[in-house]
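K.L.:
The task is simple: from the sequences and hints, build the whole structure.
There are 2 protein chains.
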Amino acid sequence: MKFKANIDIMPLEALLDPQGKAVSQSMGNVGLSEITNVRIGKHITLFVEADSKDVASIKVDEACKKLLANQIMESYSFELEEA
Amino acid sequence: MKFKANIDIMPLEALLDPQGKAVSQSMGNVGLSEITNVRIGKHITLFVEADSKDVASIKVDEACKKLLANQIMESYSFELEEA
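These protein sequence lines are chains A and B, in that order. Here the first sequence is numbered in the working numbering, starting from 1 and rising by one per residue. Here the second sequence is numbered in the working numbering, starting from 1 and rising by one per residue.
Rather than coming from a laboratory, the hints here were simulated on the basis of the structure. In this text, all values refer to a predicted model and were calculated from it rather than measured experimentally. Errors might be hidden in some of the hints.
[To be verified] Cross-link-like lysine-lysine pairs, in silico, DSBU-like; alpha carbons within 35 Å at most:
#: 1; chain 1: B; residue 1: Lys66; chain 2: A; residue 2: Lys42
#: 2; chain 1: B; residue 1: Lys21; chain 2: B; residue 2: Lys4
#: 3; chain 1: A; residue 1: Lys21; chain 2: B; residue 2: Lys53
#: 4; chain 1: B; residue 1: Lys66; chain 2: A; residue 2: Lys4
#: 5; chain 1: B; residue 1: Lys21; chain 2: A; residue 2: Lys21
#: 6; chain 1: B; residue 1: Lys4; chain 2: A; residue 2: Lys65
[To be verified] Quick partial rundown of chain B residues pointing at chain A, CB under 8 Å, derived from the structure:
#: 7; residue: Asp8
#: 8; residue: Met10
#: 9; residue: Val23
#: 10; residue: Ser26
#: 11; residue: Met27
#: 12; residue: Val30
#: 13; residue: Asn37
#: 14; residue: Arg39
#: 15; residue: Ile40
#: 16; residue: His43
#: 17; residue: Thr45
#: 18; residue: Leu46
#: 19; residue: Phe47
#: 20; residue: Ala50
#: 21; residue: Ala63
#: 22; residue: Lys66
Idealized CB from N, CA, C, for every residue including glycine.
P.N.:
In structure tokens, the structure reads:
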């Protein structure tokens, strides 16, 4: 079976997010001062071939830990759907 | 009222995603060859102050168009929740 994973990787709440901060400040310059607290992370989609959703979930978790997310600075979450 | 927006910005399907392609190839090297077709975009969270969800939605759409997404190369989607 093939599953599609939607992964969100965000900078940890405790850390500064300089890119997000710069964008927050720019919102005022384009007339959108009601937008605040912008935080910018990564959204990753991928396909995984696995026998079951549980196995797919383990594989995606492993991919996040080994390659996609830097757990010192980032947190990740993901959802799986059958593709 | 304050709303939280979860925005996903992804490279258009028709375009190459070199970063995603490099990560797809690396999956084999860490023993995860069942993972394919990795695509990497941005996940952005922000807060918006607005009188209603509809107004908030218009503001976030404007922010995506003006600042966050490059519509020539990227597509965006978002969800709003009351914060």
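K.L.:
For this structure, which hints from the list above don't hold up?
P.N.:
As far as the earlier hints go, not one is violated by this structure.
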